[in-house]
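Enquirer: Chain residues, written in single-letter form:
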Amino acid sequence: MKDLEQITTQAQLEQLIERYFDGMTNLQEENAMRQVLAHCPWQSDAIDDAKVVMGYFSAHSKQHRHATRRAARLRMTGLAASIAMLLAVGAYALWQHQQPAGQDLCIAYVNGQAIDNDEEVMRLIEDDLNHINAASQGMAAQLSTLGEALELDNE
Amino acid sequence: MKRTTIIILTCLLATMTAMAQNGLNINRLFDGRFKKAAGATEIIVTGRQAHEIGLDVYHSLSVTDKGQAELIESLVVKDGAKAIDKEVEYRNGQLYYGFYTMKKNKRDNHYIFFLNQNLARKSPKNVVTLIYMEGSANSEKIKKLIRK
Numbered sequence: 001m002k003d004l005e006q007i008t009t010q011a012q013l014e015q016l017i018e019r020y021f022d023g024m025t026n027l028q029e030e031n032a033m034r035q036v037l038a039h040c041p042w043q044s045d046a047i048d049d050a051k052v053v054m055g056y057f058s059a060h061s062k063q064h065r066h067a068t069r070r071a072a073r074l075r076m077t078g079l080a081a082s083i084a085m086l087l088a089v090g091a092y093a094l095w096q097h098q099q100p101a102g103q104d105l106c107i108a109y110v111n112g113q114a115i116d117n118d119e120e121v122m123r124l125i126e127d128d129l130n131h132i133n134a135a136s137q138g139m140a141a142q143l144s145t146l147g148e149a150l151e152l153d154n155e
Numbered sequence: 001m002k003r004t005t006i007i008i009l010t011c012l013l014a015t016m017t018a019m020a021q022n023g024l025n026i027n028r029l030f031d032g033r034f035k036k037a038a039g040a041t042e043i044i045v046t047g048r049q050a051h052e053i054g055l056d057v058y059h060s061l062s063v064t065d066k067g068q069a070e071l072i073e074s075l076v077v078k079d080g081a082k083a084i085d086k087e088v089e090y091r092n093g094q095l096y097y098g099f100y101t102m103k104k105n106k107r108d109n110h111y112i113f114f115l116n117q118n119l120a121r122k123s124p125k126n127v128v129t130l131i132y133m134e135g136s137a138n139s140e141k142i143k144k145l146i147r148k
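As they're listed, the protein sequences go chains A and B.
Under the working numbering, the first residue of the first sequence carries the number 1, and numbering increases by one thereafter.
Under the working numbering, the first residue of the second sequence carries the number 1, and numbering increases by one thereafter.
Keep in mind that the hints were calculated from the coordinates and are not lab data.
Per label pair, the in silico range of CB-to-CB distance:
1) Met24(A) - Asp85(B): 57 to 63 Å
2) Arg107(B) - Ala72(A): 43 to 49 Å
3) Ser82(A) - Arg91(B): 49 to 55 Å
4) Thr68(A) - Ser74(B): 53 to 59 Å
5) Val89(A) - Asn27(B): 16 to 22 Å
6) Lys86(B) - Asp22(A): 51 to 57 Å
Using N, Cα and C, we set each Cβ at its ideal position, and we do this for glycine too.
Make the full structure from the sequences, and use the hints.
Expert: Structural data, given as structure tokens:
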């Protein structure tokens with residue numbers, strides 16, 4: 001809790017203003033802040049904002065400050081968007097780099113042993129595909145049996 | 001300042017979400033963990049050799065470890081939910097065979113095959129196989145490739 005005597009520096013005033021905008025101040029502190037703002041010689045964005053809110057600036061000055069703040073906000077938004085864009089481009093480049101599609105690779109690791117003989121690797125692929133083929137044939141056969149059963153049922 | 005932080009965080013979140021959508025869940029299995037694992041086979045073929053079989057990328061895993069097999073199945077099922085075309089067969093509540101077509105972009109497709117040979121009726125084997133293929137070939141060409 002701050003009263004008028006306790007606000008002797010710009011930092012203390014700005015701290016109080018921050019608490020005011022966060023809705024953390026009580027009536028006594030707000031009164032003290034009003035009085036200090038009315039007479040203080042200090043200048044900063046926070047103090048100017050508080051003065052605007054308290055009605056110590058003219059409408060023209062308020063508009064000017066709003067425009068200035070809007071411009072600053074736009075700059076910050078632009079900066080944030082640029083950072084996000086750079087991160088996205090960087091991440092995409094990294095992701096592309098990690099994709100092995102562009103390199104000539106033909107390698108297998110079997111029980112921790114690397115095999116880089118092309119023929120051996122292709123034979124392992126053939127094994128994989130044969131197993132997959134057998135399973136898919138099984139499914140096709142099932143479908144065929146089902147189809148035949150339906151046909152018989154319809155006759 | 002708070003507003004700027006929120007904007008940056010929102011942009012970052014959007015970027016990360018976009019990145020996550022680019023990748024498949026099974027990609028995390030291809031981080032090299034199986035290269036030195038006993039009871040596992042990992043095959044990577046890209047470039048010239050892959051082009052010879054009509055692909056850009058061929059990447060497969062065969063594992064015997066039950067825990068890893070379950071992980072593979074769960075990741076395949078997750079990716080399969082986003083497939084534009086799929087052929088699947090479940091046995092005893094488990095995925096036995098899966099062939100998923102995942103659209104990548106206008107030119108390339110990626111395909112996922114899954115086979116749990118534990119569930120085979122004829123001579124079951126303690127092996128779960130995952131194959132990832134990438135290339136311009138359509139699903140008919142891919143099927144022809146496996147029938148060769």
